[in-house]
Every structure is written in C-alpha cells, then in structure tokens.
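Chains as they are written, first to last, in the numbering used here: chain P, 1 to 300; chain H, 1 to 341; chain F, 1 to 264; chain W, 1 to 428.
Simulated from the structure, these hints should not be mistaken for lab results. Incorrect hints may appear among the rest.
Below, a sample of chain H positions facing chain F; criterion: calculated Cβ distance under 7 Å [claimed, not checked]:
#, residue
1, Val39
2, Thr50
3, Ile53
4, Cys234
5, Gln249
6, Glu252
7, Gly256
8, Arg272
The model shown is predicted, which means the values in this text are computed figures rather than measured ones. Every residue gets a Cβ at the ideal spot worked out from N, C-alpha and C, and that includes glycine.
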Amino acid sequence: MKKMCVVLDDREVQDNPFQPDMWRIVRKYPLTGDVNFFQARPVDVDEALKFNFVPGQFIMMSVMGEGEAPFCVSSSPSRPGLLEFCIRKMGTMTESLFALKENQTLGIRGPYGNGFPIEKMEGKDIMIVGGGMGVAPLRSLLLYILDNRDKFGNVTYLHGARTPGDMLFREEFLQLKERDDLRCLLTVDKDDTGMWKDKIGVVTTLFKDLGPIDAKNTVAAVCGPPIMYKFVMDYVVKLGIPKHQILMTLERRMKCGVGKCGHCAIEYLYTCIDGPVFSWWDVIHMKELIGRGANDKTIA
Amino acid sequence: MMILKMKKEDLPAFLDSVKEWGELWGPVKKGEKVTYAKVDALSQMDLKATRTIIPPKKFLYPQRFTMFDFDQDGYVERKGDVPKRILFGIHPCDIHGILIMDKLFLENYKDPYYAERREKTLILGHSCIPDDKCMCIATNTDFIAEGFDLFFTDLKMFYLVWVGSTKGHDLVRMRPDLFSRDLDKNDILNYTEYRKWKTAQFKSNVDFTGMPDVFELGYNSPVWDQLGDKCLSCGQCTMVCPTCNCYNQVDEVELGSLEGTRDRFWDSCMFREYSLVAGGHNFRDKRADRLRLWYTHKLQAYIGEFGKPACVGCGRCVATCPVDINVVTVSTALKEQEVGK
Amino acid sequence: MTKQSPKIGVYGFTGCAGDQLMILNCEDQLVDIFGATEVRSFVMAKSDNHEGELDVAFVEGSISTDEQLRRVKEIRERSKVLIAIGTCACHGGPQAMKLGEGKFDEMYKKVYGNAKITLAKAFEAQPVDAFVKVDMYIPGCPIDKTEFLTAVAKLVAGRHPYLYKFPVCTECKWRENECILYNGKFCAGPLTKAGCGAICPSHNIPCVGCWGPTDDLNVSAEYDLLKEKGYKPEEIIQKIKKFGGAKVAQIVGELEKKKKEAKA
Amino acid sequence: MKELNVEALARVEGDGGITVTLDGKKVKSVTLDVHEGPRLIEQLVKGMKPEDDLTVVPRICAICTLSHRYAALRGLEKALGITPPEKAQLTRELMMLGENVESNSLHTFLLALPDFLGYPSAIAMLNDYADDVKRALRLKKFGNHVMTVTSGRIVHGENPIIGGFGKYPSKKALEEIKLKSHELVPDAVRDVELFASLEYPTYPEAETLFMSVNAPKNQYGYYGDSILISNGKEVSAEDYKKLTSERVVSHSFAKRSLYQDKPFTVGANARLINMGKRLDGQAKDLLKEHYSERWLKNPLFNNLAQAIEMLWSLEHMPDMCDMIAGMDDPPIEQPTRTTGSGTGAVEAPRGTLYHHYELKNGLIEVADIITPTAQNLDDIEKHMKLTAERMLADGKKDDEVRLGLEMVARAYDPCISCATHLVTLKRI
Ligand SMILES: Cc1cc2nc3c(=O)[nH]c(=O)nc-3n(C[C@H](O)[C@H](O)[C@H](O)COP(=O)(O)OP(=O)(O)OC[C@H]3O[C@@H](n4cnc5c(N)ncnc54)[C@H](O)[C@@H]3O)c2cc1C
Ligand code: SF4
Ligand code: SF4
Ligand code: SF4
C-alpha cells in the first residue's frame, strides 16, 4: 500500500500527505470506562518498520466514512512495528472508532508535529508529570527514556488520577515502581475501593516527597487536564526548573495536521507544525492564551 | 522575464488560439458584479470590472471538492477530474493573493490538490483601474512581477505583455506572429507614464504602516467587543478574501455501503465551530475573539512572519460585509480606539 | 463489515408533509432507500405499516394536539434514534411563529368559532424537542434531497451524519451571489442554517429563513442593520420570526425588552 | 355497536383516518377524521406584507405548493393592481403544468394504483410491475424538474414573486424541458391505457355536482376568473363564498364546504367534465375513447382523468417553452395601489383552490384560503357511506370494506394537510 499519487498529466509522482495508509487493529481493550487502548500495525507489513516518529508526535487517524482526528502515539519509537494509542470517547469520530473491532482496519497518516526535543533532553535529569489523558504522549516519552536509559540522568515520574479505576495503564505503572532506575510516584484523589495501597491526594502532594533535585539540569514534561496545569506549573517553577525547560502539549481543533486547514492557529503559530509540544515559556507568552479569552480551560 | 508588445486588436485572436491548451475563463458580468466564468471569446468578458465577487482562489481550491475516494481496502486517488484552464484578466492583487497561497499550500507539506490545480491553471494577468475600494497601494500589491504566466498591461494603443513562465512562452509560441519585441524609448515613457497614472487613481487613503504595533497595543481593546456585537458571523469576508485558506473536511458514503469520498470545503474562522473541540470547549467562543484572530492574521501575524501583510488590498471585504467590518474600518477603529458608525 | 439493515419509520405531524414528500421525491434513490433499510412504517408511502422497535425514527412536523403528543412520546419510546426532519419538527415551523405571544386561543377561536372539536385538544404548535429528546436535526422547509440522502447513507453505514452548521451566506458566497443585505434589503441568510445551497439568493430573492436559525446567530446585529436601512421594527421582527420558531422568538423577546429598557 | 377503523389512512399526504360506525347491519355514519393539528395559517399572515404572505401560505401543502403560490399571487396581484408581464404569466402556466405532471403521476401510481392491483405500496409492486413504477418515477421526476426550473426548487420554490420572477428560466433549461416532455408523451399514453384497463367497482356510484375554473380563451387550463358548475351555471371567482359555504365538524380540524347545502366534487374529473371538450392532441382522442356516463357518478374515475390530464400537460409544454424562450426578461411589475382586494382561483391537481386577500395600506387584513380537499370532504364521506353500505349488503368482509373505503378516499387525492386549512368561520 504505497500512498503514491499521480498528478500533473502523469508527469510528476509525489507523496500525498492527506491520504492515510491502512492499518489493522491488533489489540483493543478498555483502560477505563471511557478510554480504550488500541494497538495497530500497517496492513502492508513491509511498511511496519518504516514508520519513524518521536515521542510527543501525533498522527491523523481515519475511520472510513466518519472522518479524521489527531491522536498522540502512546508507544515508544524504540519498540517499532506496532503503534499504540489510548483514546477517550468524546464525540462522533471516537465513537465510531470505539465501534471498530480487532482485526478491522483504520487509516493513519503522519507522524506530525514537533514531538519532544529528545536530543536536547539527553544527558539531563527528566521529570514527567502526568494526569488524566495527558498520559497518552507521556507514556511514549517515558518508555523511550527507559529503553535508552543510559542516555538520561535521573528520571522521576509523577502520575495522578481521580480514582484507581481512572488510572490509565495502572498495572504497567505499578510495575515501574519496582524498578530502581527511576522514581515512580503514583497517587489518586480518592479511593472508595480500599484496594489502593499507594498515596491518596492530588498530584501536587507528590511534590512533597520529591527531595532535592538538580533543577537547572532538569527537563520537565507536564501533560494533563487544564486544572492540573494551573497547580502543577506553580510547583514545577518553584522547584527552580527554568520555564523553557518545562514542556507541555497544547490541544487545538485540527483537520489536516500539516498546517493547511487553519483550525489550530494560535496567533502566528500552527499547533500542528510548531507544536503540539511547547515550552511553558512559549505558552505564557501566547497572548491568546492569557489574554482576554483566558480561562481555566484555555490550556489543554 | 521578457516583455513583448501586442496590438490590442490581436487579443481576441490570441485568446481564441490558446483555447487549444485548455478552457478559457474570464471576468463576466453577473448582475451588477462580475465573476470568473467559462467563456468562448474575449467579447464575453468585462475587462473594465475591478473585482470579482470571489477571487480566483476558487480555481485552485474549489469551494467544495472531493479529495479522494475510499472503499473497504483503502484510499484511492482521484484522477482526471481537474480540467486545464486559462484564466484571463486576473489583476495584480489577486496574483499576489495566489503567491501567498502558493507559500501556504506548496511549501512544507505540499498539498497535491492545490499543486495539481495550480499546475493546470494558467494565469493571464491584466492591468486594472482602481476604484474607491481598492487599496493595493497600501499593501504594496498594485503591481506584480511574478506568479503569472502572461501579464497584459493595457497602454491604450497596445499591450505590453510580460512573459512570466515557460508555459507563458508556450502560449506565445502558439501565435508568435501576434507579438513583437520592437520596444523603444516611447514604450518606456508610456509605461512610466502609465504607472504614475495608475498610482494617481487611488481614492482610498488607508495606511497600514504600523499596524503590527497597533494590533499589539490594541490586543485587549474594547473595540474588539464593539465589533463583535456588530458581526453577523456570516463568514462572507473569509469566503471573498483571496488570502483566506481555511477548510474543513467531511466523509460521505454511498447509500448502503462503506464506500465514499472525503470532501474538502471552505471553512471560516468566523464560525463558532471553528475552534470548538470535543467536550465542548471553544477556544474562540466570542465573536470578538474570532474577529481578532482574522485581522491579526492579516495585518499583524503575517507581517511578523513574512514581512508583508496577508492582505493584498483587493477591497473585497469592503465590498461585501453587510455590517461594514473590513480591513479599513477595523484598522481605523483600532487606531482611533472607536468603532465608526 | 457485517451489516443489518436498520429498521426505520417515517412519521408526520403538523406541517405540510413536504419532508415526507421530499423522501418520495428521491426518485433515483427511493428503491435503494427501501433496499438498504427496512422501512417499517411510512404511512404516506405504503399501507403495510408495522409499529414496533425502530433503529431510526424520522419525525416530521410540529406537535399541536394532545393526540400527537401521545404518539410522539410513544414513537420516542420505541426508537433508538429520533431524527427531526424539516423545520416544523426542528423549530416549530411557520405555525410556531407567534410562539410566546399568547395569541393562540384568540386565533383559534377566530377560525373554529365555538364549534366543539372532539377529535383532539389543540394547542399552539411546538417543535418536537419541546416534548421528547431529539438526537439529530435535519432542517429545511422542505429538507434538501442531498442533505437528507447523505445523512441517511451515513446512518445506514453506522456513521454520524455531518450537516453544515454555518449560515446560508456561506453557501451564497460559494455560489458567487451579490449580497442582498449589503445592498440594503432584507435577507435572512446570516441567521439561517445552510444546507439548501442558497437557492433563493441565487434567484435574486432574499433568503426567507426556511432552514431555521443557526446555532450562532446574531439577531440584534441584523435587527440594527435593517433598522438603519429603513425597515420598521415590527416588519423586521415579523420577517425573522417566520421560520425561527421558539429559539428566535425567545431571542427577539429579549431584544425587544432590551430596546424598551433602553428607551425608558 | 361496532366500529370499523382504518387507523391512519395510508398513502395520502398528511394525516387522516376513516371511522365507519355500524348499527347492526346498517351503516350509522362514516367519517373521515383529520388528526393533523390546526395551523391557523390565515391568522398568522394577518398584518404581513404581501411578499411575506407569499413565503408562508405555500407551506400549507407541499404537494400543491405551487398552486398555493399561484393562487396567492393571483389574489395579491389583483389586490395590488398588478398585471403580471406576459412572460411571467406564461412561466407560471408552465410551472403549473409541471406541478400537474408531478402530482398526478405521484398520486395515480404511487398512491392509488397499488389498491387496484392489490399491493401495499408502489415499492412492493416493483417486482411485478417494474416498468410501470419506473415510468411513473420518470414522469414524476420530470414534473419535479419543471417545477425546479420555474420555481427554484422541487418544493416551496420562492422564485415566482409578486410582479414576476426572481430569475427566469434559461433558454437552455427551456429547451431541455421541451425535448424531454416530447420524449415522455408515449409514457403518459401508456399510463392512460393502463388506467383505462382497470376495473372500477360500482359501489361508490352516486350523482353529484362538479366544479372547476373556466380557463381563459376557451382553452383547457389551470387558472381562471370564473367557476364552471356542471349544472351549467357560471359564477365569478370573486363570489367564491357563494360556492363554498364553510363549516366546522367535530371530528376533524379540516373545515367543510357545501354548495347550496349540497356536497360537490372538484379535481381532475371535474375539470374534464367541465372543460374536456377543449382538450387537444392525443389527450382529446383518449378522453373521447374512454369517457362514459359513469364518470359523472363514480369518483374512482378521477384516477383515469388524472392520467389523461397529465398527458395534456406534457403535450402542452413544448409550445409554452418556445413562447417563453422567445421573450426578453421583463422588469418586476410594481404595485399600483396598497389597499384593495382580490381573489385568486387556480386548479391545483386535486381541484379548485381559492386565495382571497384584503389589503389595507400594504398589509394583509383578511386572508381566506379554501382548499380543494375542504371542498371534497363532504362528497368523500357521502360516497364512502354508500360504498360501505353496498359492500356490507354484498356480504363483503371487513378487510375488503376497509380497502374499498380507502380507495374511494384516495381517489380524491386528498391532501389532508391542506384540508386543515384555516379560515375565519363564516356561516351564510
Ligand atoms: C495533537 C493532539 C493529540 C491528541 N491526542 C489524543 C490522544 O492521544 N488520545 C485522545 O483520546 N485524544 C487525543 N486528542 C484529542 C482528540 O483529537 C479528540 O478527542 C478527538 O478529535 C475528538 O473527536 P470526536 O470526533 O470524537 O469529537 P467531535 O466533538 O465529534 O469532533 C468532531 C471533529 O472535530 C475535531 N476535533 C474535536 N475535538 C478535537 C480536539 N480536541 N483536537 C483536534 N481536533 C478535534 C476533529 O476533527 C473531530 O473529528 C488529541 C488532540 C490533539 C490536537
Ligand atoms: S483583507 Fe479584504 S482587502 Fe485584504 S485581501 Fe482580504 S478581502 Fe481583500
Ligand atoms: S444575499 Fe443573503 S444569504 Fe447571501 S450573503 Fe447576503 S445576506 Fe447572506
Ligand atoms: S435561501 Fe433561505 S429561504 Fe431559500 S431555501 Fe435556502 S434557507 Fe430556505
């Protein structure tokens, strides 16, 4: 399945960035009530290993007859061949996506966006703070770092969820706690089941247990719901991590992923090309985010 | 580039012969206004008209078109549904608009749909006489040096014809007998005279200098709210602006199957749905914020990126918005911190 | 993809039956519609109608009697998806243009006098969603063939139909019409949902608003503009209320109140 | 007491039901109920400008939308003192021919024919009568096409406006109509033959009166300023109230009309009975061949009448197209007064339709709309009652009686939503 197209009097053959390749759903199961895990591989197996990406990049996913939407890759490029996603049911496209079964096909094109600046992060201490759906891009980053462990300094992973049942990849992260080459701190806002053996409290409570960190040499990646940024960013900044070393992802409506359709524009930036990963310094200087229209939800 | 000379009476014959290359399109009267329509001959065109209702962008990315088909196995490219066209009578501002679109659609992920149409559309420019709404002089787009295949400057007795591309050359070669290279001192004088004359025709005295600063300073100005109260969100401004490119896309299927098409159609940042994401959050719920995005894009952000405005001064927004919101009124309102009547 | 043809029903209430007629007007696709779906009930088109569980119920017309109210509730109960088709069902239609003015009883008396009609008790027409949950709206007076067919095709395929949310003006510009409103004459285009292809302005006549209001309309801006152009307030309001139904009636109500307060 | 109920009267446009009340072997009453809710359209348009009325009243009924529009135009233009330009007049006539073809083919084939052949719907007939159904769809589509070209769209086209048209059909479109109408004439002839070959049961037969417009210039047509009655009388359209005294019945939101206390019939057979001699072409020959005294008694012949009329409409289109194409677009005629009154009478496919307006200072003061179905309802009930009695006496089963009644009701091509038309109550 080569996405070649012939245009211009058959003279010129070129790639069409809008045409998805067909991928097959290999596994699909629920992570929480409204979030599903998807694992997919190209229908054309020869293509499988050719798909290269950087953690934090996203792809445009198509369900035939329904449309397209952007999703971050949740798996790591260090484990090629398959792509993994964690997707929340939000509306029309995601509903149709959830209706697909294992072995059925969907369309994927990409990867798009800048992704995390991996090379610049190498050699640095890494702090990752995740909440809710923010785990989608962060898991890719975390797995990548763990697979290239020697290239990075100290790694800290903080993760908060509302309840144990809401914690995406719970078992996977609980296992990470066993490792001695990273610090993995997990918390839930509350637990009615009594089964949760770990911390209880909002994600910021984890900062108390952090101990001293080498702030100037740390790159932080923070993704989560808007309300989380509001509190977490304060803590991270107070730790002394420079604002341009704090990374986050922005969400905007997208139709093309390649800077043509206009929807994701923020002033002169296109989230799909210049982002979705931005530094906290970038974000607080975006007038549209902090200007008149500002409210809790603006950053997402 | 090359400049040739053509007798005015030879134009019909020339246009007649270029039809061999593709369909001939030109400005044609529609009520009081003009639109580009398919024609058989020059006689059907209205070359005196200033601006068409929508710019020639409709040829390069149509209002709504099918990108590709899909079926059970995947996506299949559409072939052969783009005709070859020759557009005659395109004015400098619109060619500038096309150049801005070229940048967007052809650089950094080339859009094959735009590229194919651009390739199959020949631009035959024509000089124009500005009316009271034209302001290309303020955007520095009143003359054009690139982006066309041929450009005809009407010097009353004859045409000076700029050849801007190899395809333009090919057209000339179809009727070389109609062109001459005998240019002399008088032609230069005539042309200089023409440029002076054209510059003197402008009636609008808008001035966009300093607009990026005014926008920056006026970011939180209540003027935006006042404009937002007036705006109908009808989207006309974005449809007629030669440098508006936003689009939306939708899948359609055949009845009783999962085969279908993915279609693309013009969208507008003036619509509420434009910045709405799943879950109901809208990044630009207020009309004021949407208007600000539009005008910031035209008169501030683009200048910051590329050193020139994304407005080519065609005057279409001035000739279209029922409630009088356009580059002139908005920039004036921002400068004077007051919305005109 | 395993496919089971969805069970559908088409029902009509108070209106002109134009939307059902438009379905019958799909001459080229009618056979396919009946092939791709299982039409359980469509009183206007056939007489072997079976009421029962439905995947999709298309409901036309506004609700204006207690008997209709009972029936629409009953249809809602046995339908997975209920789609309002046509402006009467979506917004109330012309018969709802005076909604909220409280003049129904008076008008009713003028028409029927004191004669007792035992058939059912009538009340002022209201859109379907005033009484039951509506999952989707396909507006239009009448609905547009293409818009309806593409929606049905998607439903049959288990997908979500997409209808334009922007105003008629957009389609009007796509068709390169000169703007009637710009020239100072009334046109309901900016307040009206697109989908018709801007037929009326393309015939040099103003849009009368038959697709009903958009989700994001600025009535007061249009009102101010028309007043400035010399229209009388009553006439403007009458014109924009014609197809606007409950939603526009409410906005206009607020508008009038505000204007009164401003005057006082 | 036993009730025989035809719950929802299937395959009529709108919402109606028939209740037959039996007392022992005797039929106590037969009523055609209209469940369709009241819309009070005539009250709603009060105080409107004529142009706004014109956008509301066609919405009374989708099938006769153009008839409503045309009747309103005629009434309003009279009231405003406007004589429409000739090109507008001819284009409106063409539009009426289109509506006639569309509506008659829809009614005869998709709604009425299945009864005669014993099918629940036209779609169900597809297997056995594919050619006939497809032919009907072809004709209907063409009728729709003519309506679209003239009025702007299939249903509720806004193009015909006071004083003319927003945009006249292009020469190219007219040429297409001309060619296509020519091509379809054999289809229409086949239809006439088909309906002529059907058995029309005698159960509903009874004497009645027939009314239609008197088309101008002694030609056949769908508009006129006076009304012909089959008893030989002729009345001016302005005196429409003398012909149609209205009343309210308890079992329906549709009003009823009587002429001198007697029910009467309007529609295609009424038109052919009153103006059939004026037909020309093949329609004339076929009417001559198939006409009989039974037409005067049996409403079921309305189906055959519609088929013949549809043929005439088709045969007439080429001339109309030529005439229209030969004229320049006239400017829109402007009103010469703002106060006045006028009655427009036109022949909708299902019968005479009146729109009466009284204007004061440019606004509508009185609107009175009398629809064909309102005029037919009493006759429908009369013929249904006879049918029920005779069929029961004949020992027919309930199901057969049910179908028989439905066939009678349906033959009138009732458009129930238009019958729920709303008129100020006047008792004479
Ligand atoms: C860079 C990026 C990465 C994302 N990664 C993930 C992820 O890993 N997991 C996940 O669950 N969600 C992710 N999202 C959000 C996801 O794209 C939306 O939830 C999804 O588009 C909702 O589509 P819908 O059709 O179900 O909703 P609807 O409300 O029905 O949306 C209709 C259409 O609007 C557009 N749209 C709506 N919301 C968004 C949005 N938030 N962003 C972009 N376009 C939107 C889409 O084109 C969509 O098809 C990401 C968004 C962005 C921008
Ligand atoms: S902003 Fe207005 S004047 Fe400038 S290019 Fe766009 S339509 Fe023309
Ligand atoms: S004519 Fe009407 S619909 Fe068209 S752009 Fe103007 S206001 Fe909008
Ligand atoms: S233009 Fe307006 S009135 Fe005309 S069909 Fe469209 S929505 Fe209806």
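Tested hints:
1. Val39: It is violated, given that the least Cβ distance between Val39 of chain H and chain F is near 15 Å, above 7 Å.
2. Thr50: violated (14 Å)
3. Ile53: Since chain F brings a Cβ to about 5 Å from Ile53 of chain H, closer than 7 Å, the hint holds.
4. Cys234: holds (4 Å)
5. Gln249: violated (10 Å)
6. Glu252: holds (5 Å)
7. Gly256: holds (4 Å)
8. Arg272: Since chain F brings a Cβ to about 4 Å from Arg272 of chain H, closer than 7 Å, the hint holds.
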